[in-house]
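There are 4 protein chains.
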Amino acid sequence: MNKETQEYRPEVAEKLERVGITNLRTLVMTGFGGHMYKFVPSFDVFIDLPKDKRGIHMSRLVESISEAVNNEAAYKHETFENLERDIIEQIWSKHPFARVEVGLRTALVVERKTPVSKKATMETHDVAVNVICENKRYTKVLKVSVIGNTACPHSKENTDHPHIQRAVGELEVECDFDKAINLDDMIDCVDAAFSSPVYTLVKTEDENQIVNKIYDNPKFVEDVTRGILDAAKKRFKGCKIRAKTVSQESIHRHDVVAEGSA
Amino acid sequence: MNKETQEYRPEVAEKLERVGITNLRTLVMTGFGGHMYKFVPSFDVFIDLPKDKRGIHMSRLVESISEAVNNEAAYKHETFENLERDIIEQIWSKHPFARVEVGLRTALVVERKTPVSKKATMETHDVAVNVICENKRYTKVLKVSVIGNTACPHSKENTDHPHIQRAVGELEVECDFDKAINLDDMIDCVDAAFSSPVYTLVKTEDENQIVNKIYDNPKFVEDVTRGILDAAKKRFKGCKIRAKTVSQESIHRHDVVAEGSA
Amino acid sequence: MNKETQEYRPEVAEKLERVGITNLRTLVMTGFGGHMYKFVPSFDVFIDLPKDKRGIHMSRLVESISEAVNNEAAYKHETFENLERDIIEQIWSKHPFARVEVGLRTALVVERKTPVSKKATMETHDVAVNVICENKRYTKVLKVSVIGNTACPHSKENTDHPHIQRAVGELEVECDFDKAINLDDMIDCVDAAFSSPVYTLVKTEDENQIVNKIYDNPKFVEDVTRGILDAAKKRFKGCKIRAKTVSQESIHRHDVVAEGSA
Amino acid sequence: MNKETQEYRPEVAEKLERVGITNLRTLVMTGFGGHMYKFVPSFDVFIDLPKDKRGIHMSRLVESISEAVNNEAAYKHETFENLERDIIEQIWSKHPFARVEVGLRTALVVERKTPVSKKATMETHDVAVNVICENKRYTKVLKVSVIGNTACPHSKENTDHPHIQRAVGELEVECDFDKAINLDDMIDCVDAAFSSPVYTLVKTEDENQIVNKIYDNPKFVEDVTRGILDAAKKRFKGCKIRAKTVSQESIHRHDVVAEGSA
Chain L
1 MNKETQEYRP
11 EVAEKLERVG
21 ITNLRTLVMT
31 GFGGHMYKFV
41 PSFDVFIDLP
51 KDKRGIHMSR
61 LVESISEAVN
71 NEAAYKHETF
81 ENLERDIIEQ
91 IWSKHPFARV
101 EVGLRTALVV
111 ERKTPVSKKA
121 TMETHDVAVN
131 VICENKRYTK
141 VLKVSVIGNT
151 ACPHSKENTD
161 HPHIQRAVGE
171 LEVECDFDKA
181 INLDDMIDCV
191 DAAFSSPVYT
201 LVKTEDENQI
211 VNKIYDNPKF
221 VEDVTRGILD
231 AAKKRFKGCK
241 IRAKTVSQES
251 IHRHDVVAEG
261 SA
Chain V
1001 MNKETQEYRP
1011 EVAEKLERVG
1021 ITNLRTLVMT
1031 GFGGHMYKFV
1041 PSFDVFIDLP
1051 KDKRGIHMSR
1061 LVESISEAVN
1071 NEAAYKHETF
1081 ENLERDIIEQ
1091 IWSKHPFARV
1101 EVGLRTALVV
1111 ERKTPVSKKA
1121 TMETHDVAVN
1131 VICENKRYTK
1141 VLKVSVIGNT
1151 ACPHSKENTD
1161 HPHIQRAVGE
1171 LEVECDFDKA
1181 INLDDMIDCV
1191 DAAFSSPVYT
1201 LVKTEDENQI
1211 VNKIYDNPKF
1221 VEDVTRGILD
1231 AAKKRFKGCK
1241 IRAKTVSQES
1251 IHRHDVVAEG
1261 SA
Chain B
2001 MNKETQEYRP
2011 EVAEKLERVG
2021 ITNLRTLVMT
2031 GFGGHMYKFV
2041 PSFDVFIDLP
2051 KDKRGIHMSR
2061 LVESISEAVN
2071 NEAAYKHETF
2081 ENLERDIIEQ
2091 IWSKHPFARV
2101 EVGLRTALVV
2111 ERKTPVSKKA
2121 TMETHDVAVN
2131 VICENKRYTK
2141 VLKVSVIGNT
2151 ACPHSKENTD
2161 HPHIQRAVGE
2171 LEVECDFDKA
2181 INLDDMIDCV
2191 DAAFSSPVYT
2201 LVKTEDENQI
2211 VNKIYDNPKF
2221 VEDVTRGILD
2231 AAKKRFKGCK
2241 IRAKTVSQES
2251 IHRHDVVAEG
2261 SA
Chain H
3001 MNKETQEYRP
3011 EVAEKLERVG
3021 ITNLRTLVMT
3031 GFGGHMYKFV
3041 PSFDVFIDLP
3051 KDKRGIHMSR
3061 LVESISEAVN
3071 NEAAYKHETF
3081 ENLERDIIEQ
3091 IWSKHPFARV
3101 EVGLRTALVV
3111 ERKTPVSKKA
3121 TMETHDVAVN
3131 VICENKRYTK
3141 VLKVSVIGNT
3151 ACPHSKENTD
3161 HPHIQRAVGE
3171 LEVECDFDKA
3181 INLDDMIDCV
3191 DAAFSSPVYT
3201 LVKTEDENQI
3211 VNKIYDNPKF
3221 VEDVTRGILD
3231 AAKKRFKGCK
3241 IRAKTVSQES
3251 IHRHDVVAEG
3261 SA
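If you're matching them up, the sequences are chains L, V, B and H in order. Quick note on numbering: my numbering labels position 172 of the first sequence as 172, and the sequence is numbered without any gaps. Every position in the second sequence, counted from 1, becomes a number in my numbering once 1000 is added. Every position in the third sequence, counted from 1, becomes a number in my numbering once 2000 is added. Every position in the fourth sequence, counted from 1, becomes a number in my numbering once 3000 is added.
Here chain L stands alone, though its shape is the one from the complex (with noise of 0.2 Å):
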């Protein structure tokens, strides 16, 4: 018979916050809207554990995913946060503890139209969505990374050239779970704060709207970072808002940033 070397108490008694599984990547399928989808993610999925217990049951949370991701009805998930629900709800059946928390990140594909010539593109975005359960209290974080791009307007008012970089927009929104959050209209608060929005597919004509409207729109990080924070605040109130802007500057070898919290 197996003995299991993790209830043996621990040389040295210390509690440890978080304890658990990262990187695993497994197939998930959703149905919001109706619609089946279906991602790749990456998991991270920590328990806290007690300083009397040498180590917790790694197996039980790879089970714990497998269960809840694994089964026909699947895509009765509407969105991710009710997948890691489940798998927090298959945890608890399994494994004690006081804190868990379950987190995926993956690319997400959302449909636009171009500016101009008004063709189908499709956009893809990094998104990252974590449920926490902490004395029975679920509350989630949800991130989107989005690209665009900043106009300097200080080398515009200087040389009425600014100087044009790719920039990447980041809004994190943290609330209750079961606040309704759309990681769609997340993704619209930082699209909008950029100079202009980018897209895959552009044709000439829509190159030239958007590289118009950069150059009537010149923005710093910090402008970028606003914008997003005042944008999700009025979207998302009675949310914890955090956002954060890295541009890659086209006149320097490295970045700058400008990051706040609302």
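Derived by calculation from the structure, the hints in this document are not laboratory data. What you were told as hints is all true, and nothing was included just to trick you.
Below are the DSS-like pairs computed for lysine-lysine, each with C-alpha atoms no more than 25 Å apart in a straight line:
| hint | chain 1 | residue 1 | chain 2 | residue 2 |
| --- | --- | --- | --- | --- |
| 1 | V | K1094 | H | K3119 |
| 2 | V | K1240 | L | K51 |
| 3 | H | K3094 | H | K3015 |
| 4 | V | K1015 | V | K1053 |
| 5 | V | K1094 | V | K1136 |
| 6 | B | K2213 | B | K2113 |
| 7 | V | K1213 | V | K1118 |
| 8 | L | K203 | H | K3156 |
| 9 | V | K1094 | V | K1015 |
| 10 | B | K2118 | V | K1156 |
| 11 | L | K53 | L | K15 |
| 12 | B | K2015 | H | K3240 |
| 13 | V | K1051 | V | K1094 |
| 14 | V | K1051 | L | K233 |
| 15 | H | K3038 | H | K3179 |
| 16 | B | K2179 | B | K2234 |
| 17 | V | K1051 | L | K240 |
| 18 | H | K3003 | H | K3053 |
| 19 | V | K1119 | B | K2156 |
| 20 | L | K234 | V | K1051 |
| 21 | H | K3233 | B | K2015 |
| 22 | B | K2051 | H | K3237 |
| 23 | B | K2003 | B | K2053 |
| 24 | L | K53 | V | K1234 |
| 25 | L | K113 | L | K203 |
| 26 | L | K136 | L | K51 |
| 27 | V | K1038 | H | K3143 |
| 28 | L | K38 | B | K2076 |
| 29 | V | K1233 | L | K15 |
| 30 | V | K1234 | L | K15 |
| 31 | H | K3038 | V | K1143 |
| 32 | V | K1053 | L | K234 |
| 33 | V | K1076 | V | K1136 |
| 34 | L | K203 | B | K2003 |
| 35 | B | K2038 | B | K2113 |
| 36 | L | K156 | H | K3119 |
| 37 | L | K51 | L | K3 |
| 38 | H | K3113 | H | K3203 |
| 39 | L | K237 | V | K1015 |
| 40 | L | K38 | B | K2143 |
Fit chains V, B and H to the given chain L structure using the hints.
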């Protein structure tokens, strides 16, 4: 005459916590223990921005790094944190702020002896040193990331055959600026917590000793993290300690993690 | 009317071998074996540029991906290479070239059974599929990257204690477009070459079998690479085969590598 | 007495082209132009393995690096390639091979003047130097990767507003070992091919000159790659030249690439 667009009022009146530059790589010299060392770290410098200013003057942050780093007396800085305090003092003279944070990430090479053949071996670790100044009070956060291994006590007990894998241990120490903390001592705390320390140069007699030590000393990631916490608490009294171990499992595609603080 | 700057004569009259787009992520469907699968790959598309043209029309490459991918019959593509040939045919109708290369990198999830408990487990691997068309002849290069392990025969023989570590095995198969090559079979060739295959989900009885297998079956990276080559030569006759294994040593900070072709 | 498992016959009798170590980081000194420089490169060392031997003796490769690097006269190596030839000579005395390849990747800091304010500025670039010895003939491959920018000639012509972005230019030069090739000259070839070189330290008067130069000098990635090829062909006569530029588009989420050789 050039206009200072940064001084204008922003459209959105939000304070920003961290605005600045990231991933700036430059040459640095330190004069630790009377010897001159050279590094090419990546720097981050962030200050806060009040809600009534549109932007910070990024070039003043770069100049502050240049002036602290590029003078012939640069190797007068015995430690990274001394250099960073000088950068902060340069910023102080050029740009208003309420809070500033200067960080660097680099590779530190330390000399060790192989365990049996007693040959000199150079071991390279990732380190990071951040200095924060808020309300004129200086604090610092030092971090080391050290490669080692775990050998599973559970599979050892059940099959006499532990699965073994590379693991990465991290130790972070936060304290007042003036407290002397040696990165090399921090590395020792992590090295000693693994099933065995590892070495770049290993002769057969060393290899035999290392693998025997691994087998006699099986460790979960939880054990390694607790070992780091225990050693660091004793050595760095009065500091905030955080430790984390990630094990690149040899029987799984995902990693396992244990994280704690003391 | 818009000008076609790309058609101008360049200042430097050099032919360029590969001009195009990289890291374009979009949604893709395949209809492999009658089932519909979804992926979000990263695409690369390159064509050559003659010495008398200043540039290529980048947007036509993006459009070619969009048109092949974003139509309701998209899941008609049974394989990635069929989809890529359709992209090439779209480019053919929009842009002159002598040579074209379309590649995608994505994560492939395959179902396996755990070795003892016989539970279903989902295993995720990185794969890449490139289709090249030159002088109207289509060829393809398929690549899989699979996580496994090595157990050192040298330390096993000298101490009875092999050091064990995660290893990553890669197999690349190059052949005519029409030859049927199954990515799943390629994954099997790599999986079988390790000391033991690994699994995402592992119960204690599986873990026992896996570690016993590792101990009975010590392998250098050289053994793994040769095992992949041997299996692939037998299974994919008439193809060019390349294999590479990287072992994340548990007794060193560096990695070891073995690479060969057949 | 220890057994030499590596000398056994392998199960699969395949020759392997490249067997060795990768990502080994250690301290290196060079004595270029009479000054002592220090680096912490990542090393790769590969030799071939005949079909009748099971493995190579990995520790002899590590020892060869140690012996060439860790002696007091180390800064006698004027260049990276001299150091690497010494490593090869060490391997020569310890391990049989038909072909050997020693490579290192590191960051090189060079001093420049800002274009208008004429301040000293330190610029950091990624470089790689490989030495290959086959049939007793030594050759080398040097590579630099330099950050700059592109400004789109197409959008400039159609809207008077070029979109601008960071671009990374790469130059690779392959030649006989004895040919003197200066990494600094290679960096100059790439720097000069962008719409404008970029600088770490930039005062407002420099920024004005840089952005004006970018606007007067729009470049596609194709133009940058051809400019690198043209300059390198003239400066490094008789060498094989490869160039590649990747542009991190400010109006797209993907990158664009141009690659050529001469």
